[in-house]
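S.K.: As a plain string of letters, each chain reads:
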Amino acid sequence: MSCVVGIDLGSTTTKAVVLDQDGTILGRGITNSRSNYDLAATVARTEAFINARFGLIQQQAPDAMTSSVVQRLRRAFILEQFLHQLRRLRELMEEEVERSAPPAIHSALRGALEDICQAIAEEEELRFKAPPAPRSDFFRDTAGSAFMRLGAQVAERGGEVTFDRLLGLYDKCIIRAENEPLDLDFRDHIGDALERVGKAGSLAEAVEFAATTDLTPTAVVGTGYGRARLPFPKEQIRSEILCHGLGAHALFPQTRTVLDIGGQDTKAIQVDPDGIVTSFQMNDRCAAGCGRYLGYIADEMNLGLHELGPLAEQSKRTVKINSTCTVFAGAELRELLSLGQKREDILAGLHRAIVLRAMSLLARSGGVSDEFTFTGGVAKNPAAVRAIRELVDENYGARTINISADSIYTGALGAALFAKRMVT
Amino acid sequence: MAQQAVLKDRSMVLQKEMIASHFARLEKAPENHEPVVYTFVPGNLTELIRSFGALPVLPEINALQSGMRKLSGDFIAEAERAGHAEDVCAYVKCDIGMARSGNIGPSGTKLPKPDLLLLSYTGCYTFMKWFELLREEYDCPTVLFHVPYQGDGMLEPEHRQYMIRQLREEVIPALERVTGRAYDEERLRENLVLAARAEDDLSAVLQSAKHKPSPIDGYFGTVYYVGPIFSAFRGTSEGVEYYRALRQEVEARVAAGLGPIVPDGSLDEQRYRLVVEGPPSWTHFRDFWKMFTDEKAVVVASTYTKVGGTYDFGFRHDPRDPLGTLADYCSGCYTNLNLPSRIEMISRYIREYEADGFVINSIKSCNSFSAGQLMILREVEKRTGVPGAFIESDLVDPRYFSQANIKNRLESYFQMIESRRRGAPREAVVA
Chain S
1 MSCVVGIDLG STTTKAVVLD QDGTILGRGI TNSRSNYDLA ATVARTEAFI NARFGLIQQQ
61 APDAMTSSVV QRLRRAFILE QFLHQLRRLR ELMEEEVERS APPAIHSALR GALEDICQAI
121 AEEEELRFKA PPAPRSDFFR DTAGSAFMRL GAQVAERGGE VTFDRLLGLY DKCIIRAENE
181 PLDLDFRDHI GDALERVGKA GSLAEAVEFA ATTDLTPTAV VGTGYGRARL PFPKEQIRSE
241 ILCHGLGAHA LFPQTRTVLD IGGQDTKAIQ VDPDGIVTSF QMNDRCAAGC GRYLGYIADE
301 MNLGLHELGP LAEQSKRTVK INSTCTVFAG AELRELLSLG QKREDILAGL HRAIVLRAMS
361 LLARSGGVSD EFTFTGGVAK NPAAVRAIRE LVDENYGART INISADSIYT GALGAALFAK
421 RMVT
Chain F
1 MAQQAVLKDR SMVLQKEMIA SHFARLEKAP ENHEPVVYTF VPGNLTELIR SFGALPVLPE
61 INALQSGMRK LSGDFIAEAE RAGHAEDVCA YVKCDIGMAR SGNIGPSGTK LPKPDLLLLS
121 YTGCYTFMKW FELLREEYDC PTVLFHVPYQ GDGMLEPEHR QYMIRQLREE VIPALERVTG
181 RAYDEERLRE NLVLAARAED DLSAVLQSAK HKPSPIDGYF GTVYYVGPIF SAFRGTSEGV
241 EYYRALRQEV EARVAAGLGP IVPDGSLDEQ RYRLVVEGPP SWTHFRDFWK MFTDEKAVVV
301 ASTYTKVGGT YDFGFRHDPR DPLGTLADYC SGCYTNLNLP SRIEMISRYI REYEADGFVI
361 NSIKSCNSFS AGQLMILREV EKRTGVPGAF IESDLVDPRY FSQANIKNRL ESYFQMIESR
421 RRGAPREAVV A
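Chains as they are written, first to last, in this note's numbering: chain S, 1 to 424; chain F, 1 to 431.
Treat the hints with care, since some could be wrong.
Mimicking DMTMM-like on lysine to aspartate or glutamate, the simulated pairs with C-alpha atoms at most 25 Å apart in a straight line are [said to hold, decoys possible]:
id	chain 1	residue 1	chain 2	residue 2
1	F	K210	F	D87
2	F	K407	S	D284
3	S	K234	F	E27
4	F	K16	F	E27
5	F	K70	S	D284
6	F	K290	F	D9
7	S	K234	F	E295
8	F	K382	S	E332
9	F	K407	S	E394
10	F	K407	S	E332
11	S	K234	F	D87
12	F	K382	S	D272
13	S	K316	S	E394
14	F	K210	F	E344
15	F	K290	S	E94
16	F	K290	S	E235
17	S	K234	F	D9
18	S	K234	F	D264
19	F	K296	S	E235
20	S	K234	F	D294
21	F	K70	F	D87
22	F	K407	S	D370
23	F	K382	S	D38
24	S	K342	S	E332
25	F	K382	S	E235
26	S	K234	F	D356
27	S	K234	F	E344
Okay, the calculated bits of chain F under chain S, using three or more residues with CB under 8 Å as the criterion [as the list claims (entries may be wrong)]:
id	region
28	272 to 281
29	371 to 385
Cβ-Cβ distance ranges computed for the label pairs, FRET-style [to be verified]:
id	chain 1	residue 1	chain 2	residue 2	range
30	F	D264	S	S35	51 to 59 Å
31	S	S369	F	D87	43 to 51 Å
32	F	G257	S	S2	42 to 50 Å
Honestly, the hints are just simulated from the structure, not real lab data. All C-beta atoms, glycine included, are put in the ideal place defined by N, C-alpha and C.
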C-alpha cells in the first residue's frame, strides 16, 4: 500500500502521521523528544506505522469481531512493549549497580530492583485487565512514576538501600534505555500480544494480513524545531508554520486563523482558503507562556502535565497573574501559595496569562477570523481551551473555534500533506 | 552559488585605506592640534565640520563596528555596571562602555576626546540623552541643532528658516569657538560640490538593484557602500573617488549579468527579491546575512541605508544654497520621517524594485525605529499585496539574537512566498 509520512520534531514531543495516497490518515505516533531527535523520529514513525497496522486489522476484521477485541489486542501490544522496555531498564540498572555501587550492597540493591520491577510488571498486568484510564503515553513517565512510588516503599523498609540511591539508578539508566534503539516494532510484539488475547482464527488472519501488508512510504517530509537533524534533502523539510497552517486547513477547511501553542514557541498564523499561510507571528527568543512553562508549573506542583487543566477547571476565583516568565514561574507560584491562594485559582490565572500572551500574537498577526483552529499540545488542556474561548469571544465576538482531539498531530499532518504533494 | 576566491574590488581596498587613515589621523589629532567633533549619522554636517578643518567622529559607527568585531557584549556589560539598564539603547551602552574601557576605537587606535559634541537632532530622542551622557564623560561644549520632525510628511518654509538660523547663530559660532577659525562659506561650497558628486554615484549604485539579477545586495552589502558617505567622507575627494570606483564595479557586474558578492561567493541565482526595514543585527551580521543567501534571497532596497540621507529619491547637496541645503538634508533623513512617509517609501521600493516581499527587523532597544512597525507591516501589505515578515533582534547586544528563532521565522517566510507562488491543491483529510 502506497503511503507518505510527515514527522514533526518538536522540542517536547515528536509526532508522525502516515497517510495513504488518498490523504486518509492511516496512523499516528508520538514520543518524547528526549534530546535525541534522530531516535525520537524513528520511534514516532515506528509508532505511527504500528497504529496504521492496527487500523488494517480493524479493516480486515469480520463484522462479528467487535472493535473491542482489536482494542484489547492493541492494549496487549502496548503492555508487551512496556514489559520489554522494563526488562531492558532493569538490565541497565543492574549493570550500573555492578559498576558504581559499593560491593557490600550489590545484592541488596539487586533484590530491591527485582522487587520494584516485579511490582511494576504486576501493576501493568492488572491495568491491562482493568478498563483503560488516561495517562501519559511515554514509558519514561509511566515507568518513572511507578518506580518512584514503589522505590519509596522499598526504601522505607530501612537497611542499606536508600531512596536516593534508587532514584540515582533510575535517572541514569532511563536516559540510556531511551536512547538505545529498542525492538518495539509491530512484528516484535504482535505475536505475544495475540497470545495474550487468545488466537481466535479470524483475528490471527487479520493480524497476518496487517503484518504482511507492504507499507513503504514513497515520500517523507519533516518539520519542527529538530527538522535540521533529519537526514533529508532540503526539499523534504518544511517550516512548522506552513505545516500547522496546512494541517489545520485539512482538518477544518474553513479555517482562516490558526493558533499553535507548542513546547517552546507560540505561533499565530493566518491562512487563505487553500491553507496557504498569508501572515504569521511568533513569540520572540523568550519562551514565556509556552507549553514548557506549564511543564515547569506541573513539576513545581508535583503534578502530571495532564492534571493541570482539570485542576484549574475547579477554580471559582481566577488569580490575576501578569508574568508568564518560565524562569520565574517557580518563585511566582510559591509566592502566591504563601499568600494563601488556592492551587486551582492560581492555575486558572496561569492558564489565562498564557492565553493572553497568545492573544497578543494573534492580534499582531492580523486578529482572529472565522473559523479559528487551536492546535498543538496545549490544545489538549481544557483550562487553556476555556481561556481561549473566553478571550476570543471578548475580543473578536462569536467565532467558530475548532479543536481536534488529535490537535497535537496537526504539524505532522501538514508535513504528510506536503509529502503527498511530492508524489502526486 | 559560485564559489570564488576572495577578490577584493578596488572600492573595498579604497574604503579600508580611507577608514584606516582616518582613524590614524584621529589618534594623532591631539598632538597635531586638529579639533575633533562628535556627531551622529542622521543629520551629520560633515561638509560644514570639515570646512573648519575639524575631524568628525561618529559614535554609532564605532558602536556598530564594535558589534561586528564581537566587542560590544563586554562594552555593554561595562555600561551596565555603571548603572545603565538592560533596555537602554545598545548603541549608547556600547559607546559608554568603550569610552570607559580606554576609548580604543574599532580599528584598534585610541579615539581622541571631543572638542565639541554637535548634536543634530533628527527624530531620535535618545541622541539627546546620549550626548548628555558623553558631556558628563568628557566635560566638553555641546551644541544642539534641532531639526523639526516631519510629522505632517513635509516641512514648511519657516521650519527651514528656523534651521538655517540655528546653523548661523548656534552651530557655526560653536564651531568657530572650538576650532579658532572663521566660517568660510566658499570652502563649504567646495565640499558640497564634492558631496553631490558622490551622491550621484551612490544613487546609481543603489538603483542598480532594479536589474535582474541585482548586482548589489541593497542591505547587507549596501551598509558597506554607505559607510564612507555616512561617516567622515561626504564632501571629500576620497569620497568622490570611492563612489566613482564603486559605481564602475557595479556597472561592470550589471553588464556581465552577475549578482552581488556575498559571504559564500557570488549570488547570481536570485530566488527572492526583498526590501528590508530596520537596522541589521551587527553582532551576528554574517550569520544573519547567510540566512538570506542560503535561500538565494537578495535585498534590493532597504530603509536603514537611508538613515544618513535619502539620495536615491533625488536629494543632492546644493552648493548654491549652502546652509539651506544642509537643512534640507537633515530634515529628509529616514529617522526624521513620519510613519506614512516610511510606509510610502517601502511601498515604492517594493513596486519600483519588483520585490517579492519585505522583512522588518524590529530592534529591541530602539524604540524610535521600532515603534509602529507592525502598523507599517499591515499597511504595506495592504497597499502592495506583497507579504511581509517580522523578526526581532538588536543592534549590538548579542544577548538579543536568537539564531534558531530568527532562522525559523525567515525559513517559514520564504516557504510562505514559495507556496503562494505555486498555489495549492485543496486538501481534505479523512481521519
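S.K.: For every hint, state whether the structure bears it out.
M.R.: Against the structure, the hints:
1. F:K210 with F:D87: Roughly 38 Å separates the two Cα atoms, so the pair is violated.
2. F:K407 with S:D284: 12 Å, holds
3. S:K234 with F:E27: 50 Å, violated
4. F:K16 with F:E27: Distance of about 17 Å is within 25 Å: holds.
5. F:K70 with S:D284: 22 Å, holds
6. F:K290 with F:D9: The given pair, whose Cα atoms are some 21 Å apart, holds under the 25 Å limit.
7. S:K234 with F:E295: Distance of about 11 Å is within 25 Å: holds.
8. F:K382 with S:E332: With a Cα-Cα distance of about 42 Å, the restraint between F:K382 and S:E332 is violated, given a limit of 25 Å.
9. F:K407 with S:E394: Cα-Cα ~34 Å, so violated.
10. F:K407 with S:E332: Judged against 25 Å, a Cα distance of about 32 Å means the pair is violated.
11. S:K234 with F:D87: 38 Å, violated
12. F:K382 with S:D272: 15 Å, holds
13. S:K316 with S:E394: 19 Å, holds
14. F:K210 with F:E344: 18 Å, holds
15. F:K290 with S:E94: 50 Å, violated
16. F:K290 with S:E235: With a Cα-Cα distance of about 18 Å, the restraint between F:K290 and S:E235 holds, given a limit of 25 Å.
17. S:K234 with F:D9: Since the Cα atoms of S:K234 and F:D9 sit roughly 33 Å apart, the hinted pair is violated (cutoff 25 Å).
18. S:K234 with F:D264: Satisfied, since the Cα-Cα distance of roughly 18 Å is no more than 25 Å.
19. F:K296 with S:E235: Since the Cα atoms of F:K296 and S:E235 sit roughly 14 Å apart, the hinted pair holds (cutoff 25 Å).
20. S:K234 with F:D294: 11 Å, holds
21. F:K70 with F:D87: Distance ~19 Å between F:K70 and F:D87 Cα, so the pair holds.
22. F:K407 with S:D370: 30 Å, violated
23. F:K382 with S:D38: Distance ~42 Å between F:K382 and S:D38 Cα, so the pair is violated.
24. S:K342 with S:E332: With Cα atoms ~13 Å apart, S:K342 and S:E332 stay inside 25 Å; holds.
25. F:K382 with S:E235: Distance ~31 Å between F:K382 and S:E235 Cα, so the pair is violated.
26. S:K234 with F:D356: 21 Å, holds
27. S:K234 with F:E344: 36 Å, violated
28. 272 to 281: violated (count 0)
29. 371 to 385: With 3 residues in contact (Cβ-Cβ under 8 Å with chain S), the coverage given for the region 371 to 385 of chain F holds.
30. F:D264 with S:S35: 51 to 59 Å: Roughly 31 Å apart at Cβ, these two residues miss the hinted range, so it is violated.
31. S:S369 with F:D87: 43 to 51 Å: Given a distance of about 34 Å, which is not inside 43 to 51 Å, the answer is violated.
32. F:G257 with S:S2: 42 to 50 Å: Once the Cβ atoms are compared, 44 Å apart, the range 42 to 50 Å for S:S2 and F:G257 holds.
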